[in-house]
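Chemist: If you want the building blocks of each chain, they are given just below.
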Amino acid sequence: MYRQVGAIQDPGPLVALTDRKIYNSSSPPRPMALLEIKGVSKLFEAKGKAVEALRDINLSVGENEFVCLVGPSGCGKTTLLRIIAGLDRPTDGEVLLDGKLIEGPGPLRGMVFQEYSLFPWRTVLDNVAFGLELRGVSKEERLARARSYLKAVGLEAFEASYPHELSGGMKQRVAIVRALVNDPKALLMDEPFGALDAQTRNVMQSELLRIWQEKKKTVVFVTHSMDEAIYLGDRVVIMSARPGMISDIIDIDVARPRNRTSPEVNRYRERILQDLRALRN
Amino acid sequence: MAIDKTLILPSFIQVMEGLQDHWQDILYVDLPVSLLHFIIGMIGGLVVAMPVGMSMGWSRMANRVFDPIVELIRPIPPLAWIPFAIIWFGLNPQAAGFIVFVGAVFPILINTYVGFRNVPRVYVESAMVLGCTRSRDLIRYVAFPSALPTIAAGIRIAMGIAWMCIVAAEMFGASTRSGLGYRLWDCYSLHMMDMVLLYMIVLGLLGLFIDRTFRYVVQEKMLKWQAGLTQ
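Residue numbers (the numbering used here), protein chains in the order written: chain D, 1 to 281; chain U, 1001 to 1231.
A portion of the hints provided could be inaccurate.
BS3-like cross-link-like pairs, simulated, lysine-lysine; straight-line CA separation at most 30 Å [said to hold, decoys possible]:
(1) Lys185/D - Lys38/D
(2) Lys151/D - Lys215/D
(3) Lys151/D - Lys1224/U
(4) Lys1224/U - Lys139/D
(5) Lys185/D - Lys100/D
(6) Lys185/D - Lys215/D
(7) Lys1221/U - Lys139/D
(8) Lys151/D - Lys139/D
(9) Lys38/D - Lys100/D
(10) Lys1005/U - Lys151/D
Partner residues aside, some chain U positions facing chain D, computed with beta carbon under 10 Å [said to hold, decoys possible]:
(11) Ser1059
(12) Ala1062
(13) Phe1066
(14) Glu1125
(15) Met1128
(16) Val1129
(17) Asp1137
(18) Ser1146
(19) Leu1148
(20) Leu1223
(21) Lys1224
Read the hints as simulated data drawn from the structure, not as lab findings.
Ideal placement from N, C-alpha and C gives every residue a C-beta, glycine not left out.
Excised from the complex, chain U in its bound form (with noise of 0.2 Å):
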């Protein structure tokens, strides 16, 4: 009866005790490097998504050229990558990263390019009677600023898919063999389900620090200037 129940649900206690003997693989084993495919998932999102995403927006040329093929990638989930990840890069922290990318690239992207269209047209005109005649310079002091409330919402939606896909790509092994991910899906094949539990709740607690960090640097530092209806 009693394995049945904390089969079902463990129990804190347990929970705790898992906390306890394991602390140290989780802080130095599995945290780093679920960390690192979250970062190199995020940063090759963000270098090809933003330069790509602004091209976009800005010229309709560019528009025109790359919006087929983002289409067409688009709707692929990012798990279906997952053999061709392996192939390509092997079993290391590169393979977890790309299926990050993946998942993280499109809604930065889109993003980008939608806040780009939607630069006002007054914003571009004022600068351009006040001197600000190059494109370079009026994506670089108008269309950036002003699209960057609606990029930095597609970071965080990036955020969130990205760690829904480092979760699944390391449970697939699609790295080295260790990562939180990994790690709980091991522990579920040998039925240690305060483990599982307990790898569940560092995968929020973490979700929700990144998200913190990453909203009080941009909402509070750069985007102080917007007027927001709640404080």
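Okay, chain D solo, but in the shape it has when bound (with noise of 0.2 Å):
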């Protein structure tokens, strides 16, 4: 919009020149943080021994960005994501969201498991109005609403069925939505499409993009493939193993729609292999 060379052969009225200041630093400014971790560490107490899985984790994400968390098992990355959704406390840190505490669970962080999280006594449509039945919406409306973005993934035909009957792929689509259905800040994703195969996680993966495109969230990612964040991220941040600690925060440059084997791509790929391979010893 505001081209460099533009710019400079015509200099244009005054607020073209404010313009051109903001928008002339060398990198975009990053969005305004809407989650911050601070010096988060978290303690387990296994059989009497103390196990270190997070050491002095900080991090912040901006508003609608795509973080994408990698590294080997065992990393404590599934832990650093359930302490920002609250399900897990830090032992020392903490977590901030909009500025404000995060003292525990709440529907302004919607979280996907990688096992099936579905109801499953709950139809698809129920599943996917549960959030707005809790907050006492009446019948009509959260279920015209949970439809919606039934439609939006494409399983309206399926919103009387249950959970059993859906093939893996539609049951993490159904709980993308259960999570999007309440509006939340950000979206908390642990190893989502884990469990699915290579064909169908790519599709996940694409539709996931366009959901994040299309209803502006803030995604927090986590997964041990480094293809899946390549593709996904905004940034990718390489965590270590034992304490875990962020070893790398990787910024991914490439435009989107991205290919999956693209020379950049694959330039990344390399970088990240190499920093992981460098964990490793």
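From the two separate chains plus the hints, produce the assembled complex.
Modeler: Okay, structure coming up:
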């Protein structure tokens, strides 16, 4: 929109000058931090021994940003996500959402689990409407809203089905819209596509990006697949294990929609692979 | 010769004749009395067992308090309670109902406890991140529906035991002088084995009917979400 070259050739009115000043800075300004993780540590007590799961994690995630956490198993990425969700408490440090301290789970942070988490005793529609039901939204309205979300992921024909009648990919799609129907500020995803086959996984990733762009959400996505992380994330956070620490944060500067096999994607792949290899040694 | 044989196993004709002569007594007197015992005992069992089992499965503290009491009383056979039942309630339906209650309460309680104990963590946590954080809501929306199949199985077992307890309690005379079990024993003392067999058949049919009704209501209506292997 504000091309540097054009601005130099034509100084333009005062307004344009101020605009140029802002947009000429070397990198685009980070969006305002929505989620702030400050000095988070976590100790677990296991058989009398203390295990350090996380050590001094500092990370801030901007509004509408898509951040992926990758790392070897046991690096505490799931623990970190659970702390953000409010399901676990940090031993030290704090997590702020919109400047407010997170003290417990709540509908402002939607979460999608790796295991299939739909309530098997509720139909697809009632699963999606669950969050609204708790907030006391009238039956008519909550069903209408749940239906519109189901439609967005192409599952409107399955609203009366029970979860056991759905395929794995469909279940996770419903789980995502179940979290989104609450209109959360952040969507936390814990290897949501880990149990799906490669083909379905690719489809789900594209669909997630589409939803993310449409609904404008901040996403924190845990995965052990760097391909997935590079395809999805604005930034990839690489964690090391025992204790879990952030070892690198990489900006993925590739235009969307991304090509999974383009040379630039491969360069990021190479870099992250090197990082992970270095971690193992 | 003939008398001996019918004493050992009465013929089909004899039983049918017995039915013809006594169906009104069975239908209007003994059946309602036995069903009354059944209902008193089952309702009492549900009212006591469900809350206790739920709290034991949900809170470690409640489990610690109730578990020793439950495990102390549970091994006492329901029929051992008959003397006290008669002393406490007198010879009326409440006494037999109490025996049924003692038989029914533990299977429901233990299955409710197990069902609550085994609520998958991921359902509870999913509900919490969707805004369901109060214990009361978690029990209502997550734990109870999740435990319902186990609870229903406990109720079915309890109904079978209840039925046994009814017959035994009535045989011991722990109620008014009627009921299918009382009548069965009465006929035995008169050596009317065709009537004994008839009451046995009625007991069997009634048990079958109650179980089928229960299964229809619970399995087909309330638990239709379950993925069964058989249809």
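Chemist: Taking 10 Å as the limit, does the beta-carbon of Ser1146/U come near enough to a beta-carbon in chain D?
Modeler: holds, 7 Å
Chemist: Taking only the CA atoms, is the gap from Lys1224/U to Lys139/D under or equal to 30 Å?
Modeler: The hint holds at about 22 Å.
Chemist: With the threshold set at 30 Å, check whether the alpha-carbon distance from Lys185/D to Lys100/D stays at or below it.
Modeler: holds, 12 Å
Chemist: Quick one, are Lys38/D and Lys100/D close enough, alpha carbons at most 30 Å?
Modeler: holds, 12 Å
Chemist: Hint check: is the beta carbon of Met1128/U less than 10 Å from a beta carbon of chain D?
Modeler: Holds: closest Cβ of chain D sits about 4 Å from Met1128/U, inside 10 Å.
Chemist: Taking only the CA atoms, is the gap from Lys151/D to Lys139/D under or equal to 30 Å?
Modeler: holds, 18 Å
Chemist: Within 30 Å, alpha carbon to alpha carbon, are Lys185/D and Lys215/D?
Modeler: Holds, at roughly 10 Å.
Chemist: Does the alpha-carbon distance linking Lys151/D and Lys1224/U stay inside the 30 Å limit?
Modeler: Status holds; Cα separation ~25 Å.
Chemist: Interface hint check: Val1129/U, Cβ to nearest Cβ on chain D, cutoff 10 Å. Holds or violated?
Modeler: holds, 4 Å
Chemist: Let's test the interface hint: is any C-beta of chain D closer than 10 Å to that of Ser1059/U?
Modeler: violated, 19 Å
Chemist: Minimum Cβ distance from Leu1148/U to chain D below 10 Å?
Modeler: holds, 7 Å
Chemist: Against chain D, run the beta carbon of Glu1125/U and see if the smallest gap drops under 10 Å.
Modeler: At 6 Å from the nearest chain D Cβ, Glu1125/U passes the 10 Å test, so the hint holds.
Violated hints, in rising order: 10, 11, 12 and 13; the structure is consistent with all others.
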